[in-house]
Amino acid sequence: MSSRAVSFREEVRAWLATAPRPAGLHDYGPTPTAADVPAGRAWQAILAEAGYACLHWPERWGGRDAGVPDQAAFAEEAARAGVPRQLNIVGPDLVGPVLMTYGTPAQQAAYLPRIRTGHDMWCQLFSEPEAGSDLASVRTRAVRTDAGWVVDGQKVWTSGGGDAEYGLLLARTGGPGHRGLSVFVVPMDAPGVVVRPLLQMDNESKFNEVFLTGVALPADALVGAEGEGWAVATATLGRERLSLGANAVSMFRSLDDLVESATVRGRFDEHLRDEVTDLWIRVWLLRATWERAIASGEEPGAPAFSVLKLLSSETQRDIGNTGIEALGLDALWSENNEPLVHRMLVGHAQTILGGTSEIQRNILAERILGLPRDPYRAPA
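Residue 59 in the working numbering sits at position 59 of the sequence shown; the count goes up by one each step and never skips.
Incorrect hints may appear among the rest.
[As the list claims (entries may be wrong)] FRET-style restraints, in silico, Cβ to Cβ: (1) Asp27 with Gly192: 32 to 38 Å; (2) Leu345 with Met100: 34 to 40 Å; (3) Arg144 with Arg196: 25 to 31 Å; (4) Thr213 with Arg4: 49 to 55 Å; (5) Ala302 with Gly227: 21 to 27 Å; (6) Arg4 with Arg196: 43 to 49 Å; (7) His348 with Gly24: 26 to 32 Å; (8) Gly174 with Arg60: 31 to 37 Å; (9) Pro38 with Thr101: 49 to 55 Å.
Derived from the structure by calculation, the hints contain no laboratory data.
C-beta: ideal position from N, C-alpha, C; glycine also.
Go ahead and model the full structure; you've got the sequences and the hints to work with.
Written as C-alpha cells, this is what we have:
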C-alpha cells in the first residue's frame, strides 16, 4: 500500500473518530429503513460539508475524483466506525455516475447537487415480478405521447422506494430484448405511482413493490437516447462491489459475536470451533481477494468483481447459519434483536440481492472462463 493511500486512510479514520453523529445513526448498510432516513440524510449532509460525500465524483460536482482504492478505504473505515458510508447506495453510486455519462446538462444540474447533500434520495426501478435477474425481459412500458411519455407497469424489490424522491426507471419503449429498453427519471410522488412496502422476515421493510399506472412523464425525463436503456442500466450495476471490504469488517465482528454467544451458552465445542475457523479463513481470503482486485485498477463493474460478490454473499449466509448453532434454542426467540438471528434471517437474501449467486457464476463462466452463453429465451 502506497504512503499516500496510508495517509488517506489515517485522515479518514481521524475524521470519523471526531465527526458529529446525528441521533439514531448506525451502520444500516447500503439501504436505510424508514426510521433510519432522517439520521441518514443528516449524515450525508455532514459528509458533504467535510468533503467525504461522493468521493468518486469529479471535483466539479463536489467529489474528489477518488480512485477505487480510496473509495474502498473509506467504505472499510466507515464500517469499522459503525456508520454508513453514505445515505444510500443508489443515488451516489449508481444514479450519479449514470447521469454524468448519459444525462443532459439540465438533468445533471437539477439532480447531482441534491444527491450529494442528501436532499434527494433515489431508488432503482429495474426488477419486476417476471424480470428479476433477467432484465432483458422487462415488461413495464413507456409509450410516447405529444407531451412526453406515459408509463404503465409494476416493479418489485425496490430498495428505499418508500422514502425516495426519485426513481431511475427501466422501461420498454420498443420491441423485445435489450434493444427495446429505455431509462427514465420518475418523481416518486407523481400521480399514478403507488409504493407498497414488503415486510421482510427480519421485520424490516427496506424493499418495496411499485405500481405505475398512467404515469405521465415529460420528454426530458428520458436518460440517454431512446433504446439505449440496456447500456444505461448496465452502467448502474456493479458499483455496490466497493462495499465488499466493509462487509469483511462486519463479518469479522459477527464472528466475534458468534464466539462470545457460543461460549456464554457452553456451546463452543470442537465442531463449532472448526466451523468458526473455516469461516474466519474465508473472511480473510475475501479481504485479500478484494485488496488484489482493488490493486488491479479494474472498475467495480468488471467481471472479476463477481468473484467477490459470490464469496461475500455465500460467506455471509454461512455465518448466519453457524450463528444459529451457537445460539441453540435461543435462536427461536430474540427479545433483544440478537444480531446473530438478524444475520441468519438476512444471510440467504445476500445470495439473491444485487445479482444472484447463479448469475455471478454465469458471468464468471462466460466472461472469465470463456464458456458458451446460456441460450436466450424470449419472454412469452
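Here's how the hints hold up against the structure:
As the Cβ distance of Asp27 to Gly192 is approximately 36 Å, the hint placing it in 32 to 38 Å holds. Under the hint 34 to 40 Å, the C-beta atoms of Leu345 and Met100, about 37 Å apart, fit the expected range. With their beta carbons about 28 Å apart, Arg144 and Arg196 fall inside the hinted range of 25 to 31 Å. For the hinted restraint 49 to 55 Å between Thr213 and Arg4, the CB-CB distance of approximately 53 Å keeps it satisfied.
Against the hinted window of 21 to 27 Å, the Cβ-Cβ separation of Ala302 and Gly227 comes to about 25 Å, which satisfies the hint. With their beta carbons about 48 Å apart, Arg4 and Arg196 fall inside the hinted range of 43 to 49 Å. The hinted range of 26 to 32 Å is satisfied by His348 and Gly24, whose Cβ atoms lie roughly 28 Å apart. Checked against the given bound of 31 to 37 Å, the beta carbons of Gly174 and Arg60, roughly 34 Å apart, stay inside it.
With their beta carbons about 31 Å apart, Pro38 and Thr101 fall outside the hinted range of 49 to 55 Å.
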